[in-house]
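Student: Listed here are the chains, written in short residue letters.
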Amino acid sequence: MKFVVLMAETDHYQRWAELSDDERAAAFAAFEKFDAAVAERGEVLGGEGLADPRESRTLAPGRRDDRPVTDGPYAETAEQLGGFYLVDLPDMETAVETARLLPEAFLIEVRPVVSG
Amino acid sequence: MTELEDAWREEWGRLLALLVAQFRRLDLAEDGLGDAFATAAERWRRDGTPDNPPAWLLTAARRRIYDRLRSEAIARHKLPLLQVDAALTEEARTVMADAGEAVVDERLRLVLLCAHPSLAPEHAAALTLRLVLGVSTADIARLFLVPTATMAARLTRARKALADQRFEVPSGRELEERVATVADVAYLAFTSGYAPGSGDLLLRAEQAGEAIRLVRVLRSVLPLGFAGAADLDALLALMLIQHSRRDARLQDGRLVLLPDQDRSRWRHDEIAEALALLTPLAAAPSTPYLLQALIAAEHAIAPTAAATDWPRIASWYAELERLTDSPVVRLNRAVAVAEADGPDAGLRLLEGLELPGHRLPAARAELLARAGRTDEAAAAYELAIGLCANDVERTHLEERRRLV
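Chains as they are written, first to last, in the working numbering: chain A, 1 to 116; chain B, 1 to 404.
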């Protein structure tokens, strides 16, 4: 089964910039552990870190030319989405178990991909 | 936005070197700093220039780089790292550059890295302009007369070739060799600026100016008492004198050769600086740069072309030829000897000389004409005209042939 693993954190970008080098190194180590754990049980199909949501443009619903475009993300929440993985794993339980390895400060959503 | 331009000119190389020491990657450091300057262009205009521009830029660049590193960790990109002494990385990491603290100057390491023996000289020259002086890729492409995409690809290859090399200042003999390479790279960038017929002369003067700035930076960051310092002074003097003629070199869009230049249009302050650099080198051992600088200085101090001290110039060329064994030097020496002792003496020096291109037959033609050997002169002009690829120079040669 395929899953998207979404990683969010309150004020993620500000906090990331203020981390100490050791804390950043710990986060990198967590990503590597997650990678290795997924690779043992399935496959990492992809993953990307996202730029600061202030760099986003959001298109509101509407017909083509009528869509209003605004600066920023679609949901102004305290939690900022910072990156995601696309993984192939046997089941949701395994996906949740491996996601536990990701950096401790992150809020994580594991969501199945419909096509499986 | 002059504060930003000043910061770019003054701080780019310094900040880049510091980021390279901390993050051990040229690409990250360069992109991060480039982004920081781009953000500054927007923010400083809106909010005013910060109290400490370099500290602001350093913080913004680091922030960018931290984001990139996180993204690369997730995308599982593993890239090679430069070899940097751990203490240096630690030191670079802790520099905050706020409260007026001076930024540690790691530019010497950066300059020496760009002169790494694994790079071809012209690639080293381009990379040095980009990394040390912060010249944009588009401007470097313009200066080297290639499309921007070509130059971008060339710079990327050069960065990759250096990705896992040592970011360090070697000692002793190796340092001297590396600095000599930087000097050659700077002179290559400088002379490609003044190669006749290679594009817009104003633009080329700009490139020559950047090459001079590189030598100035290099002199300022080398350790005190560095063994090769005298040769760098000589090189700087040579460049300054050649550069001081830039306004006189061009008249109505045409190239004006040295004897015909209006000497009042030379930059005499630059000549004075060059002569001051050369004065303490009177007893220094001869090197190719020193001899070329002395020759240039001799032209620079002659009040008129006719007052040039040709015997002295000829003797310096003789010494330069002994050092370099170069046919081009031999040709120049022959011209100087002809001025000092007459065309026959010059022609004797050209006998048996082999040199591709039009310059040798053109010089022979000129000396034959002066010696009154008109048939031979005409034939030599024909040969030179056939070999000359440059329109301005060919027109000049055709005029000369008509006068024979």
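Be aware that one or more of the hints could be misleading.
[As the list claims (entries may be wrong)] Straight-line distance between alpha carbons at most 20 Å, and here's what the computed SDA-like set of lysine to any residue pairs gives: (1) K78(B) / K2(A); (2) K78(B) / D66(A); (3) K78(B) / L50(A); (4) K78(B) / A37(A); (5) K78(B) / A25(A); (6) K33(A) / E79(A); (7) K78(B) / E48(A); (8) K2(A) / L69(B); (9) K78(B) / T94(A); (10) K2(A) / R76(B); (11) K33(A) / L79(B); (12) K160(B) / E32(A); (13) K160(B) / A30(A); (14) K2(A) / K160(B); (15) K160(B) / A37(A); (16) K33(A) / L69(B); (17) K2(A) / A75(B); (18) K160(B) / L79(B); (19) K33(A) / K160(B); (20) K78(B) / D35(A); (21) K160(B) / F84(A); (22) K78(B) / E43(A).
Since the hints were derived computationally from the structure, they do not count as laboratory data.
Student: Hint by hint, say whether it matches the structure.
Tutor: Hint by hint, here is what the structure shows:
1. K78(B) / K2(A): violated, 25 Å
2. K78(B) / D66(A): violated, 43 Å
3. K78(B) / L50(A): Since the Cα atoms of K78(B) and L50(A) sit roughly 18 Å apart, the hinted pair holds (cutoff 20 Å).
4. K78(B) / A37(A): holds, 18 Å
5. K78(B) / A25(A): holds, 14 Å
6. K33(A) / E79(A): violated, 24 Å
7. K78(B) / E48(A): holds, 14 Å
8. K2(A) / L69(B): Violated. K2(A) to L69(B) sits at ~26 Å, over the 20 Å cutoff.
9. K78(B) / T94(A): Given that 20 Å is the threshold and the Cα spacing comes to 26 Å, the pair is violated.
10. K2(A) / R76(B): holds, 19 Å
11. K33(A) / L79(B): holds, 18 Å
12. K160(B) / E32(A): At roughly 25 Å apart (the allowed maximum being 20 Å), E32(A) and K160(B) break the hint.
13. K160(B) / A30(A): This hinted pair is violated, its Cα atoms lying about 28 Å apart.
14. K2(A) / K160(B): Roughly 36 Å separates the two Cα atoms, so the pair is violated.
15. K160(B) / A37(A): violated, 31 Å
16. K33(A) / L69(B): holds, 16 Å
17. K2(A) / A75(B): Holds - the C-alpha atoms of A75(B) and K2(A) are around 17 Å apart, at most 20 Å.
18. K160(B) / L79(B): holds, 10 Å
19. K33(A) / K160(B): violated, 28 Å
20. K78(B) / D35(A): holds, 13 Å
21. K160(B) / F84(A): violated, 28 Å
22. K78(B) / E43(A): holds, 18 Å
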